[in-house]
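Chains as they are written, first to last, in the working numbering: chain F, 6 to 344; chain L, 2 to 324; chain V, 48 to 375.
Just so you know, these hints were derived from the structure itself, not from any lab. Since the model is a prediction, treat every value here as computed from it, not as a measurement. Some hints could be false.
Said to hold, decoys possible - Residues from chain V that face chain F, not an exhaustive set, calculated with beta carbons under 8 Å:
id: 1; residue: 93
id: 2; residue: 208
id: 3; residue: 209
id: 4; residue: 289
Using N, Cα and C, we set each Cβ at its ideal position, and we do this for glycine too.
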Amino acid sequence: MKSLFSIVASAAVVLSGGAFAGSSDTKVALVPGGPHPYFAAWEKAGQDAVKDFGLGKADYKVPAEWDLSQQNELIESLVGKGYNAVLVFPGDAVGTNKILGELDDAGIPTAALAGCVEQPTKAKMCFGTDTGHSAYLGTKQLIDAMGGKGKIAHFTGFLVDPNTTLRIKAVEKAVEESGGDVEIIQVIADIDAYEPADEKINAFMAAQGAEVDGIVTTAWVPAVVAAQALTNMGDKRIKMVGIDHDEVVLEAIKAGFVHGTMLQNPYGQGYIGSYAMDKIRGGCTFKANAPWKSTAQTDQFIDSGTVFVDVTDVDNYVDAMRGISLEILKTFEGDFLDC
Amino acid sequence: MATLFKKDWFGLLIVVVVSGLAIAAVKPAFLSSFNLYVLMVSTSYMLIIALAQMIIIAIGQMNLSVGAIGGLVAISFSGLMEVHQISVPVAVLISLVIGMTCGFLNGYITAKSGISAFIITLATLYIFKGINLGITEAEPFYNIPETVKNFGNAKLGNTPIPFLIVIPIIITFLMWVFMNRTETGRHMLAYGNSVQSAELIGISSSKVVITAHVISGFLAATAGILVVCRLQLGTPNIGDSWLLPSFAAPVIGGAILAGGKVDVIATALGVLIVVIISQALVIFKIDPFFVQIFLGVMILLAVLVNRYREYKQEALRKIFNSE
Amino acid sequence: MNKKIPNFIFTNQFGLLCLVLIFIVIFSTVTDGFTSRFNIFALSRVIAIDIMIGLAMMVVILTGGLNLALGAIGVCAAMFGGWCMEVLEIPIIPSILLMLGMGSFLGWINGFITVKTGVHSFIVTLATMSIYFGFMTMLTEAEAFRRLPELFTDFGSAKLFNKYISPLLLVSVATCFVLFYVFRFTDIGRKLIAAGANPEAAELSGISVNRMFIYCHVLSGFLGALAAILLTTRIGAAIPSMAGQLGMDWLLPAFLAPVIGGTLLSGGKLSVFGTMLGAVLVTLLTNGLYLLDVGEFWIRFFLGIILLMAVLLDRTREYFTLRKVIVS
Numbered sequence: 006m007k008s009l010f011s012i013v014a015s016a017a018v019v020l021s022g023g024a025f026a027g028s029s030d031t032k033v034a035l036v037p038g039g040p041h042p043y044f045a046a047w048e049k050a051g052q053d054a055v056k057d058f059g060l061g062k063a064d065y066k067v068p069a070e071w072d073l074s075q076q077n078e079l080i081e082s083l084v085g086k087g088y089n090a091v092l093v094f095p096g097d098a099v100g101t102n103k104i105l106g107e108l109d110d111a112g113i114p115t116a117a118l119a120g121c122v123e124q125p126t127k128a129k130m131c132f133g134t135d136t137g138h139s140a141y142l143g144t145k146q147l148i149d150a151m152g153g154k155g156k157i158a159h160f161t162g163f164l165v166d167p168n169t170t171l172r173i174k175a176v177e178k179a180v181e182e183s184g185g186d187v188e189i190i191q192v193i194a195d196i197d198a199y200e201p202a203d204e205k206i207n208a209f210m211a212a213q214g215a216e217v218d219g220i221v222t223t224a225w226v227p228a229v230v231a232a233q234a235l236t237n238m239g240d241k242r243i244k245m246v247g248i249d250h251d252e253v254v255l256e257a258i259k260a261g262f263v264h265g266t267m268l269q270n271p272y273g274q275g276y277i278g279s280y281a282m283d284k285i286r287g288g289c290t291f292k293a294n295a296p297w298k299s300t301a302q303t304d305q306f307i308d309s310g311t312v313f314v315d316v317t318d319v320d321n322y323v324d325a326m327r328g329i330s331l332e333i334l335k336t337f338e339g340d341f342l343d344c
Numbered sequence: 002m003a004t005l006f007k008k009d010w011f012g013l014l015i016v017v018v019v020s021g022l023a024i025a026a027v028k029p030a031f032l033s034s035f036n037l038y039v040l041m042v043s044t045s046y047m048l049i050i051a052l053a054q055m056i057i058i059a060i061g062q063m064n065l066s067v068g069a070i071g072g073l074v075a076i077s078f079s080g081l082m083e084v085h086q087i088s089v090p091v092a093v094l095i096s097l098v099i100g101m102t103c104g105f106l107n108g109y110i111t112a113k114s115g116i117s118a119f120i121i122t123l124a125t126l127y128i129f130k131g132i133n134l135g136i137t138e139a140e141p142f143y144n145i146p147e148t149v150k151n152f153g154n155a156k157l158g159n160t161p162i163p164f165l166i167v168i169p170i171i172i173t174f175l176m177w178v179f180m181n182r183t184e185t186g187r188h189m190l191a192y193g194n195s196v197q198s199a200e201l202i203g204i205s206s207s208k209v210v211i212t213a214h215v216i217s218g219f220l221a222a223t224a225g226i227l228v229v230c231r232l233q234l235g236t237p238n239i240g241d242s243w244l245l246p247s248f249a250a251p252v253i254g255g256a257i258l259a260g261g262k263v264d265v266i267a268t269a270l271g272v273l274i275v276v277i278i279s280q281a282l283v284i285f286k287i288d289p290f291f292v293q294i295f296l297g298v299m300i301l302l303a304v305l306v307n308r309y310r311e312y313k314q315e316a317l318r319k320i321f322n323s324e
Numbered sequence: 048m049n050k051k052i053p054n055f056i057f058t059n060q061f062g063l064l065c066l067v068l069i070f071i072v073i074f075s076t077v078t079d080g081f082t083s084r085f086n087i088f089a090l091s092r093v094i095a096i097d098i099m100i101g102l103a104m105m106v107v108i109l110t111g112g113l114n115l116a117l118g119a120i121g122v123c124a125a126m127f128g129g130w131c132m133e134v135l136e137i138p139i140i141p142s143i144l145l146m147l148g149m150g151s152f153l154g155w156i157n158g159f160i161t162v163k164t165g166v167h168s169f170i171v172t173l174a175t176m177s178i179y180f181g182f183m184t185m186l187t188e189a190e191a192f193r194r195l196p197e198l199f200t201d202f203g204s205a206k207l208f209n210k211y212i213s214p215l216l217l218v219s220v221a222t223c224f225v226l227f228y229v230f231r232f233t234d235i236g237r238k239l240i241a242a243g244a245n246p247e248a249a250e251l252s253g254i255s256v257n258r259m260f261i262y263c264h265v266l267s268g269f270l271g272a273l274a275a276i277l278l279t280t281r282i283g284a285a286i287p288s289m290a291g292q293l294g295m296d297w298l299l300p301a302f303l304a305p306v307i308g309g310t311l312l313s314g315g316k317l318s319v320f321g322t323m324l325g326a327v328l329v330t331l332l333t334n335g336l337y338l339l340d341v342g343e344f345w346i347r348f349f350l351g352i353i354l355l356m357a358v359l360l361d362r363t364r365e366y367f368t369l370r371k372v373i374v375s
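The whole structure should be built from the sequences, with the hints applied where relevant.
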């Protein structure tokens, strides 16, 4: 992972041509919805953005729990402390809009990161993985690996996470397109913590392990626990497509227990997101004809990229990610901003 | 009286057997060796968690910080091994000491201040959880030594019995001996029955309270370590979901919250009931939200049944007295 | 409560007031932004909700019991209100009344079971907490109600007094005055306190203790619903996770405010304004700790320490006042 950071960072310095040598007074707060390993890369991303683009600050601030009120309280105190741009993983797809509107009134630009808020919103953009699309692609990969037929189980995260519903629907869509030979036999949600995930996934394996042919996981913790369960069982019959880059999942891919994983790009989100906030505070605006993508929640979406890796390229996953981040950064200002 | 006590857990045993057979009749996979293995794994640490609460219920108090102690111990245990490269046995030892220290603090402050254990353990819940989050910044420890991982996955020979359940069974047995056959255990029950009369017969209340809390801390710590072995990582949110089941099992087992009446075997059967039901809900693909409602209803039913039985006992006693 | 204008200086409230003032001075000199308009407004809103949550717990503590289901009741009321306003399109005022009714009803269930079975309210509300929350998530499928009337949600963002204070705070302070009046000057209020202080004596003097206890639980549910209404206007949506898993995130503020405010857990004594000051102090400290950059993850640790210190100090104070009485 380190190499990814430094390569992107040095590339950015080259790209920027030292134009950011002067320092701006932009102080970005990167606020996830709660503690979760997925967001850990934001911290380094913020630090690198400060170094490479000359921001005043770009700090990673985590609410101690997954709770909208705590997140709001944290954001309010950060603004009190002088942060003047906020990148937030919305604690709720609509509930977070209220505070974003209030921040906008106070002249503070915001953007939704890694997950979107529903329109109408004052967030300048939603920059994240197209989670629905990622789940869809992952399921497609799984169906291919299963030879186009069989029974699938889907394990996913917090029901309160706005992404979860999108993922469930996307998996259903991919299954429908398979033409009737594939069937979802169970969806287990709300298992984005290790203890309940371990209990429920193992209970599922015990009861239905013999019937199921494939597993798709669309959240970090279920991916880790399911990969571990398959490894412990020594089962290579059941195909699994995971998500993200947890060591356990990557090891299981190398050992052949997991077919592959859908990588996301949290580092790029934090890095490019901080850059964009600085640009907007510097007077840039988003172009009217920017090449936005549309999702169910918003039509101001920018895809931070997703890529499938399996055993053939798992060792080079860092390169795969680097490619995406560089690609986005290279064209970001030209495509999206009017400066 | 002895026969009535026997009935106490005998009824629960029947519930366990009947519900097990009923589920197996509909879903034969329930009795598959892998499912039995999973069942016993869940039972293993739930058993310890329930006992950690039970011993505090015995003295008529409650310990809200059982989960927080378990979580703090879990991350200390894995952190000691990963960051400080400490060998497994030493790490286990230090972790148990940390758990017992947490329990000691609970007991000491409660005993010396006379403030209700509820409020003290509510405060220490946030203190222990706060230390946990402060140390880990909510990031799990991943590099658990192979020996620990292997221990978490090992089975006894070719049986579906997980190695993990051996320690809880031994501890349950020791707890039974402690509560029923030792003086300290009987003092605890006497204290739970009536603080005044216990003090009158010369039982030191602070000694009883502190001992109970230290044991509770030790058990919570053991549960935390077992969960790390099982999950093969030390994540800060271990223990977050322990509160409800920790009370459910002893209460289903007939424990009275006012203190003085707990039963180790009945508590263990209470754990089995909770585990079997949670698993049945997954097997039958029942709405996950039902699990919560179910636990709540179980607790209410259990207290109602206990109440009813008390009334009957009371009535019996009156009849005997009048004769 | 029943002391005749005591030496105000020796009361818990006076100590709290001093602490609040001291911390205001410290935070406004040491940190940037504490006195900024944005921060004070945000504080006033958080304080408003925490006061209400604290009051809701306080009235059950009066009976010597507690209400673990408070957060679950709050979320149920909020979700019910969201359903009324969004799906049934019931106007705002009747919807608010229905929410309060829902909260009171769930509180009544708690009280009824507690009184009829004689089981401690801890275990009853532990069970009802998961039952209420479970039913709520099942009926709503964990989906939020997000299209609430604008007039309703605007109330949560409205700013008064040169944009420094949220109207939510006025609601909470007004509630404090009403409760203070009820407990001090009305017959029913005195009966509630008497029932909590000494149930046997109260029963002998003709008070129906069971009925009083049920009233306390109903009032707790009512105030919990009121807190949920304030929170809903603030968030702008009714969300199942607004009080955390099983609504348990409300428990810390719920106990912190009354306990710091001098309400005895054994029942029979309460302090409305102590609870209010307790909530103010806790919110100030939380906000100050955030501004001081102690690290988000240590906040909980400090809140735990504060709760511990508060109860221990209260004990010491009691001990000394008792000795003073004996000595003089």
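The hints, checked one at a time:
Look at residue 93(V): its Cβ gets to within about 6 Å of chain F, closer than 8 Å, so that hint holds up. Nearest Cβ of chain F to the Cβ of residue 208(V): about 17 Å, over the 8 Å cut. The hint is violated. Hint status for residue 209(V): violated, given a least beta-carbon distance of 15 Å to chain F, over 8 Å. For the restraint placing residue 289(V) at the interface with chain F, the shortest Cβ-Cβ distance is roughly 6 Å, inside the 8 Å limit, so the hint holds.
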